[in-house]
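Peer 1: So the chains spell out like this:
2 protein chains.
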Amino acid sequence: MTEAPKGVLSPVVTPFDGDLKPDTERWLAHCRWLLSQDCGLAIFGTNSEANSLSVAERRSLLEAAAQAGLDGARMMPGTGSCAFPEAVELTTAAVKAGCAGVLMLPPFYYKGVSDDGMFAFYSEVIERVGDERLRIYLYHIPLVAQVPISLDLIARLLKAYPGTIAGIKDSSGDWNNTRAMIERFDGFDVFCGSEQFLLDTMRAGGAGCISATANINPHAIHDLYANWQAADADARQEAITAFRMAIAKLPMIPALKSVIGICTDDPEWGRVRPPLVRLDAAQIAELGATLERFGFDMPGRREAA
Amino acid sequence: MTEAPKGVLSPVVTPFDGDLKPDTERWLAHCRWLLSQDCGLAIFGTNSEANSLSVAERRSLLEAAAQAGLDGARMMPGTGSCAFPEAVELTTAAVKAGCAGVLMLPPFYYKGVSDDGMFAFYSEVIERVGDERLRIYLYHIPLVAQVPISLDLIARLLKAYPGTIAGIKDSSGDWNNTRAMIERFDGFDVFCGSEQFLLDTMRAGGAGCISATANINPHAIHDLYANWQAADADARQEAITAFRMAIAKLPMIPALKSVIGICTDDPEWGRVRPPLVRLDAAQIAELGATLERFGFDMPGRREAA
Chain A
1 MTEAPKGVLS PVVTPFDGDL KPDTERWLAH CRWLLSQDCG LAIFGTNSEA
51 NSLSVAERRS LLEAAAQAGL DGARMMPGTG SCAFPEAVEL TTAAVKAGCA
101 GVLMLPPFYY KGVSDDGMFA FYSEVIERVG DERLRIYLYH IPLVAQVPIS
151 LDLIARLLKA YPGTIAGIKD SSGDWNNTRA MIERFDGFDV FCGSEQFLLD
201 TMRAGGAGCI SATANINPHA IHDLYANWQA ADADARQEAI TAFRMAIAKL
251 PMIPALKSVI GICTDDPEWG RVRPPLVRLD AAQIAELGAT LERFGFDMPG
301 RREAA
Chain B
1 MTEAPKGVLS PVVTPFDGDL KPDTERWLAH CRWLLSQDCG LAIFGTNSEA
51 NSLSVAERRS LLEAAAQAGL DGARMMPGTG SCAFPEAVEL TTAAVKAGCA
101 GVLMLPPFYY KGVSDDGMFA FYSEVIERVG DERLRIYLYH IPLVAQVPIS
151 LDLIARLLKA YPGTIAGIKD SSGDWNNTRA MIERFDGFDV FCGSEQFLLD
201 TMRAGGAGCI SATANINPHA IHDLYANWQA ADADARQEAI TAFRMAIAKL
251 PMIPALKSVI GICTDDPEWG RVRPPLVRLD AAQIAELGAT LERFGFDMPG
301 RREAA
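Line order of the protein sequences matches chains A and B.
The first sequence lines up with residues 1 to 305 when you count with our numbering.
The second sequence lines up with residues 1 to 305 when you count with our numbering.
FYI, nobody ran anything at the bench for these hints, they're computed from the structure.
Note that the coordinates shown come from a computational prediction; the quantities given were computed from them, not determined experimentally.
Mixed in with the good hints there might be a few duds.
No copy is singled out in the list; a pair is fine if it fits within one copy or between any two copies.
Derived pair list, reagent style BS3-like, types lysine-lysine, alpha-carbon separation capped at 30 angstroms [said to hold, decoys possible]:
#1 Lys249 to Lys159
#2 Lys159 to Lys21
#3 Lys96 to Lys249
#4 Lys159 to Lys6
#5 Lys111 to Lys249
#6 Lys96 to Lys159
#7 Lys21 to Lys249
#8 Lys21 to Lys96
#9 Lys6 to Lys96
#10 Lys6 to Lys249
#11 Lys159 to Lys111
I would like the entire structure built from these sequences, with the hints used as guidance.
Peer 2: Written out as C-alpha cells, the structure reads:
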C-alpha cells in the first residue's frame, strides 16, 4: 500500500435512493468534496451504515470509487465482518484497489470472547489475504460493537504482524484509553474517534482523527490538525467541539445526512436504512436552527452535489 | 409454507473441515440424526455459528439440505442479518426451499435503536420477500445481540402482518418475559431458548423449545415435550436441566461440538471458527468425565456419522 494515512478522515455517510439502494452518484460527489477539504475517506464505517450494506453493495461502491479515479492513498475502507470469509473478501478487494489501509471491526456477534479468539480472527484474515501491501487499522468501538480491542491484543498482534498492524481508531470516548494506546505502542498510528480529542491526540503523538462530523465540518477539523501547535489551537478545539456537541444532540447518522440535505437543498440525502430512522420535521427544524446559530455552511458542497 | 413447527428444535452446530470450511457431509449426517430423534432443524442459529458464516456459505448449506431431501417442514433456518438485503436474500431462499419458517435476528450492530426502526427493518424484509408462505419467528436473544425485541414491537408486527409473524424464540433466560409473551399474544408460538424452561413453557401454553443442548440430548428433551402432562414430568425436567447445566460449565458451542466428537470418535468435530476457540485437552477431559457421570451417550449417532 501507499504512504500511511494521517490527519482527518471521514467515515463517509452513504446516501440511498428511493428504493433504499446506495446512490452512487451522490456518494461520489460527497467523496470528492471531502477530498477537496483535505479529508481522507474512511468509507464503510459505523456512520456509513456499512453493516446495513450487503458485502456485494460494499464491493460495488468500492469499485465505483476506483473507476471514478478517487485516490486510493486517501482511502481507508471498513472491511470487518462477523464472518472471516467476508472480511477476507472485502479486505482483498481494498488492497487490490490500492487503498492506504483498512479499518477493521472485530467480529461483533458473540460477546465476551477471548483475546485468543480475537487474535485468531485477525490472524485468519491476514494470512488469507496474504498481501504485503495490507495495512490494518483496528477499530475499537466498544459502545456499539460491545466487543472491545484490548491493549494486550494489540501488543500480541503487533508482535505477530509488525508490518501489517498499522494503527487503530479509538471510538471508546475514553481519553485515558487513547493516551495509553499512543504511549504504549511505537510505530502504531492512533486516531481518536471524535475531533473533541484531536488536540490531545496530536499533543500526545497520535496520528489524527476519524470522526463522524468530519462529514460536514472537515475544513475546521483539518485546520486544527494542521495548526495544532499554533497559539490559538485551544480556541480552535473549543469551537469544533462545541459544534460537534450541538449536532450530537440529535441522532448522529440521520443528523449528518440531513445537514448535507439542508446545505445542498437536497432532502433525498435524509434517507437512512433501518434499523435507523430519518429525522422528522421537528428534528430537521431544530437542526436548521443549530446550523444558523453557528453560521454553519459546507463551503463548495452545493456545487459538488 | 407447511404446518407450523412445534416441539423441540436444535440450532444445528456447523462442523468445519481442516480449512475451516463448512463440512457438508458431517453436517447432513448430524441433521439426519436429529430428525431421527424427533428434533427439528433450526439451522443457522447462534449455536450454528451462523454469523461466522458468509451469506454464500449459508445458501450453499441450505441447498445441500434440499438436495439431500431433508424435510423442509422440519426446518427453521436463521435468516437474520444486519443488512436487510442479505436478510431478504436468505429468507427468500428459505421460503423457496419449503422451510416451515425462518428464525430472524434483529439487525444487531447498532444499539439502542427504536421500535420504529426495528419495525421498519422487519417490514422491509417481509414486503420485499413478498411471499404468502413466509412465516417469521422472531429471535429475542438480548445477552448476545444486545438488541432486544420488545412486547410492543411484537404487538405492532402482529397487527401489521398477522399471517406472517408466527412466533418467537425467547433466549432471554427470563421466564417472566417468556410467560408474558405466551399470555399476551394469541396465535403466536413461543419457544423457550433453553430446555430448562420447557415444562413451564408447555404448562403456560407455549409451543416448545429451541435449545443448544438439543444438538446432543434431543431424545430426552423430546420425551419431556411429548409427556409434559405425565406424572413424572417434573422429574424429567430436573434430569434434562441437570445435564444442561453440567454442559454449560464449559463454553457451550465448542462443548457441543466436542460432545459429538467424543460420542462419534471424531475429533474433527471439535473445530470452531474464530472468534470462538475450541476446547483444550483439559476441558475435553472435564467434558468426558461429565458425560461419564451422567452415563450419557447419543444413541445411533455414531452410525449416522
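Peer 1: All hints, please: hold or fail.
Peer 2: A quick look at each hint next to the structure:
1. Lys249 to Lys159: neither (41 angstroms within a copy, 33 angstroms between copies)
2. Lys159 to Lys21: between (41 angstroms within a copy, 28 angstroms between copies)
3. Lys96 to Lys249: neither (39 angstroms within a copy, 45 angstroms between copies)
4. Lys159 to Lys6: Only inside one copy: Lys159 and Lys6 sit 23 angstroms apart there, 52 angstroms across copies, limit 30 angstroms.
5. Lys111 to Lys249: Both ways: Lys111 and Lys249 sit 29 angstroms apart in one copy and 17 angstroms across, limit 30 angstroms.
6. Lys96 to Lys159: within (25 angstroms within a copy, 49 angstroms between copies)
7. Lys21 to Lys249: Cα proximity of Lys21 and Lys249: one copy only (28 angstroms, versus 45 angstroms across).
8. Lys21 to Lys96: both (25 angstroms within a copy, 24 angstroms between copies)
9. Lys6 to Lys96: within (21 angstroms within a copy, 49 angstroms between copies)
10. Lys6 to Lys249: The answer is within: 29 angstroms in one copy meets 30 angstroms, while 47 angstroms across copies does not.
11. Lys159 to Lys111: within (25 angstroms within a copy, 33 angstroms between copies)
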